[in-house]
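Given the sequences, and given the hints that come with them, work out the whole structure.
Protein chains in written order, with UniProt numbering: chain A, 1 to 211; chain B, 1 to 211; chain C, 1 to 211; chain D, 1 to 211; chain E, 1 to 211; chain F, 1 to 211.
Check each hint, because a few of them may be wrong.
[What the hints assert, rightly or not] Partial selection, computed: residues in chain A whose CB lies under 10 Å from chain B:
# : residue
1 : F51
2 : E109
3 : Y126
4 : Q145
[Unchecked claim] Estimated spans, in silico, between C-beta atoms of each pair:
# : chain 1 : residue 1 : chain 2 : residue 2 : range
5 : F       : V95       : A       : V197      : 48 to 58 Å
6 : F       : P185      : B       : D187      : 49 to 59 Å
7 : C       : V197      : B       : P185      : 21 to 31 Å
8 : F       : D183      : D       : V95       : 53 to 63 Å
9 : C       : G96       : A       : K137      : 54 to 64 Å
Calculated from the structure, these hints are not laboratory results.
No experiment lies behind these values; they were computed from the predicted model shown.
Glycine included, every Cβ here is placed at the ideal spot set by N, Cα and C.
What follows is the residue order along each chain.
There are 6 protein chains.
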Amino acid sequence: MQLPYLFIFPLLLAAASDALVQDFCVADLSLPAGPAGYPCKKSASVTVEDFFYHGLTTPGSTKNKVGAGFAAAFDAQFPGVNGLGVSISRLDLEVGGLVPIHSHPSAAELVLVAEGTLTFGFISSYDNKVYIKTLNKWDVMVAPQGLLHFAINTGNTTVLAFASFSSQNPGIQTTPLALFKNDFPTDLVAKTTFLDVEQVKKLKALLGGTN
Amino acid sequence: MQLPYLFIFPLLLAAASDALVQDFCVADLSLPAGPAGYPCKKSASVTVEDFFYHGLTTPGSTKNKVGAGFAAAFDAQFPGVNGLGVSISRLDLEVGGLVPIHSHPSAAELVLVAEGTLTFGFISSYDNKVYIKTLNKWDVMVAPQGLLHFAINTGNTTVLAFASFSSQNPGIQTTPLALFKNDFPTDLVAKTTFLDVEQVKKLKALLGGTN
Amino acid sequence: MQLPYLFIFPLLLAAASDALVQDFCVADLSLPAGPAGYPCKKSASVTVEDFFYHGLTTPGSTKNKVGAGFAAAFDAQFPGVNGLGVSISRLDLEVGGLVPIHSHPSAAELVLVAEGTLTFGFISSYDNKVYIKTLNKWDVMVAPQGLLHFAINTGNTTVLAFASFSSQNPGIQTTPLALFKNDFPTDLVAKTTFLDVEQVKKLKALLGGTN
Amino acid sequence: MQLPYLFIFPLLLAAASDALVQDFCVADLSLPAGPAGYPCKKSASVTVEDFFYHGLTTPGSTKNKVGAGFAAAFDAQFPGVNGLGVSISRLDLEVGGLVPIHSHPSAAELVLVAEGTLTFGFISSYDNKVYIKTLNKWDVMVAPQGLLHFAINTGNTTVLAFASFSSQNPGIQTTPLALFKNDFPTDLVAKTTFLDVEQVKKLKALLGGTN
Amino acid sequence: MQLPYLFIFPLLLAAASDALVQDFCVADLSLPAGPAGYPCKKSASVTVEDFFYHGLTTPGSTKNKVGAGFAAAFDAQFPGVNGLGVSISRLDLEVGGLVPIHSHPSAAELVLVAEGTLTFGFISSYDNKVYIKTLNKWDVMVAPQGLLHFAINTGNTTVLAFASFSSQNPGIQTTPLALFKNDFPTDLVAKTTFLDVEQVKKLKALLGGTN
Amino acid sequence: MQLPYLFIFPLLLAAASDALVQDFCVADLSLPAGPAGYPCKKSASVTVEDFFYHGLTTPGSTKNKVGAGFAAAFDAQFPGVNGLGVSISRLDLEVGGLVPIHSHPSAAELVLVAEGTLTFGFISSYDNKVYIKTLNKWDVMVAPQGLLHFAINTGNTTVLAFASFSSQNPGIQTTPLALFKNDFPTDLVAKTTFLDVEQVKKLKALLGGTN
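This is the structure:
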């Protein structure tokens, strides 16, 4: 009796390290990453749980000064997206809550509103034009890679939104934290942003910066 | 009185065709696309509406034999995603509805369940292993690029889900349509799939194929 | 007497780990791969044998139900192609032999006929159009990445063909094996493919599937 | 008498549109760009001037409030870099002059100091750490793609520096201009940056913003 | 009676320019290419002939001083490979024939010997090591992108070989032609290659150079 | 008292291996590289020194037969550029000094003249056209990836120039060294370059080759 010929593929391809003979590369977070992502787990240890993430079912805490909760499903939380060029996060905003101005150095963001009314905007680098729009349930908007953007709950109910990214690790640089939540010397911050020294000191105090 | 020096950037950069001096490339759908996407609209004609899409607020019709509705926000519908490497679509499934086996030749898919209970699975090319999981509200799962996957409403209520993609144009190849909804000769289909000729004829009749 | 100045390059560049100071990255198959491929062997251990492969000189066995033999020169067999974005495989088809419907999730395929008459086709995802052509000695045809394709020996002599790929690891997902050679539950297969349960059971039995 | 065989290549390759049969793609700035850059000029009209740029020999004016002059050799000014993934710009800083906080959404920047003493820094998105260093003649420093960075002349003489980029079109988003030199409503700026309304109004007045 | 739901995809996706709604981009050679390749033909005008090439069935003429014939299936000859990252060419070598030292600036090359005995080699840029091997029927060897390589018929019969490339347009720079078959001034050639002026003049005369 | 919400990001993202949660990947030169570069150093051990390089402040020795000094800031010398797609090198040329014909297999080169008069040229692969130009202080010129180019000090003073590259590891293949500074058999060199055997022997003797 004969084997169906297509047994040939797995047998042949399994002859060597099997990492790449699969069409995915689940992150082995115990090894150092490289520019393209994390090394792949051996196929024998990959399970469906690697491709599934339950962590977006509960909001991040909104008990903070901006009334915003955040939960991410990037490669560090969701190893199955390693090498796939896509990831997602959850955003919860109390009434009046907001996401401060920030950018994602490594990804474009596509925001989907699930509940409430969200005003979302990004700023062009060409002419500083502000592209701003108010989104309601199941509206989507996209912010290009690396450009400053923000989101505000401008409705009367909480906002729930999901942001998809064009990278497994979009990165997040939040402008006020980048400027004020560190030891960046106050005079340099003031000079390079045109802000008043008093304003810089006030925000360093608020956000936990020094110098 | 002097201009702030940074006026220099837009003036200088606007000297030539401004298409690339922006950090985005909104699709001009009136021009032929290339391997990397569509040519960019001139910046003067870009508006916030290019980056916004309202078309996912209404489900695609589920009045069909699989009880599934589909709406896409790919580059052809949502020009702002051109060149950004991300897009999204909406899926509605009646009770018992399903998405037949299909693949996306150009993208990984990240599915987010918004309502109901969805059983989602993909099949590895390495060992034909089926990675299958039942997802509930705000669970996510990812299917690697190019691999066969499917989704079924296995709950007692309708399902609403959103699929994000790692490309502005993921492509969709639905296996039963690829095999049976065309003029692919019945004997070739049968030979290359191991299906019985009668089965092939039956599905060609069902799905609108010929030969 | 002086050294020619260009000795400077190797000396200087060899100062650190030399892996990248070569213009190639031969796969070290003993280390886990990442999304971009395998880590590079140290240059001291690279030899011409890494860039040469003899394994396509003998056909894979065609003693199987489809009369097809297959031999691959992908990164796992041919470490020199690691990182180079190209690989090749050999196909032998007995008279009447065929390659079942399959796709390569990670590469386009360019097929070259060396002996006999081969009917090759792929299916568009846009309109399910079948692009099919009969190839003779030294004819070539290309199948785009991720699309279903097949090949049949439609001549009176054996076929020998070679398929080149746009990746060092194209991946191979063979539709009948993906659907029937695993534990994918029969009712789910039937529902998601529109096939009859009896047909699914018959092919699971034929191809070694369960459930 | 015979032609050297290698005449074959240009003749054969010139059979069709010759744009891609060269190993470069000089920008045709009269046509709309796409996500990968501008269409290529026909080879017949390409000259050495396309690959040469004289525009960095004269500084941009430093007669402005930051004492900084800028000149770019990006694709819009220097068509020969189209598709090549590299470009360069010139920076002149008077004593005390500076480049405000900004980022390049599409490129990493490598700065080379030619004259004077330049303090250069960038801010990590991971922990808001400020990587700051004072550079002298022929020192180099790199800022990763998309991260906020700045430069200040901290010496007693003018600074001349050149910044190389990993893209033909790095993009430049200058934080104070993005926030204050547009019609971004004052209350939204204040809310999303934690700045005081008075501060925002002051900078809008200074930089030419409205609302 | 109802339409199968999946009619939805082509209808919906065809709403706009259909170029990208297919999973391929057949070159429209009548339009200027860009850095990523040629614009796509409209799907209505795409036929199977775009994906098929018959031009490798006849050898290029070997009536030349190196006894070598060449035929290419690059994008300019074979529009179906546009955007797919793979192409192929045919090489015929008389007894004693050879391919002079050359490189492909944009692709790695994988050579497959179909008839005869071919000695193939490439030179590393790291330590100038020559990786050289004699190949027989169906042996394969790979040369990394951009590195100098050559091939010689070292057998007693003609050689037929096929070279696959990791690009639709690999480019070919043949060292002796680059140095001697142009108006590159003799003294500059001599200085920058360390060759004697007499040698340069001799080869310019042989290959059709001037100056 | 409450933490500002944005503390959430670093805490959450630091949950796993932090290599990729930064927006850079400083090379860990102690580990083997892969096709995309070196593995990343752990963020805790990254310092500003990784992004800074002082090694271009001193010229490479010009005490050699071409009167040229070279110093590189590629990934092996400058770990901060790993994964960033940009690097730089310094070139010093005595009066009459030159850089022999060479190519960079992995990068385009943008040359900037800092002192003196430099004649720079590259050769097209399409028609062997020599694009040559004499550059003075702060002129720039670009050479496309993989194409042969050279530089000569054609002035009366020393030349100082800097070359930026579109890769962290451009590679350097110097034609005379590739042909003559190794054990490449003299007869093969002669045959594949059209050079006279005597010329080849003379250059092997000059450059340290054998055979």
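Do the hints match the structure? See the list:
no.: 1; hint: F51; in the structure: holds (5 Å)
no.: 2; hint: E109; in the structure: holds (8 Å)
no.: 3; hint: Y126; in the structure: holds (4 Å)
no.: 4; hint: Q145; in the structure: holds (7 Å)
no.: 5; hint: F/V95 / A/V197: 48 to 58 Å; in the structure: holds (53 Å)
no.: 6; hint: F/P185 / B/D187: 49 to 59 Å; in the structure: holds (57 Å)
no.: 7; hint: C/V197 / B/P185: 21 to 31 Å; in the structure: holds (26 Å)
no.: 8; hint: F/D183 / D/V95: 53 to 63 Å; in the structure: holds (58 Å)
no.: 9; hint: C/G96 / A/K137: 54 to 64 Å; in the structure: holds (58 Å)
When the structure is compared with the earlier hints, no violation turns up for any of them.
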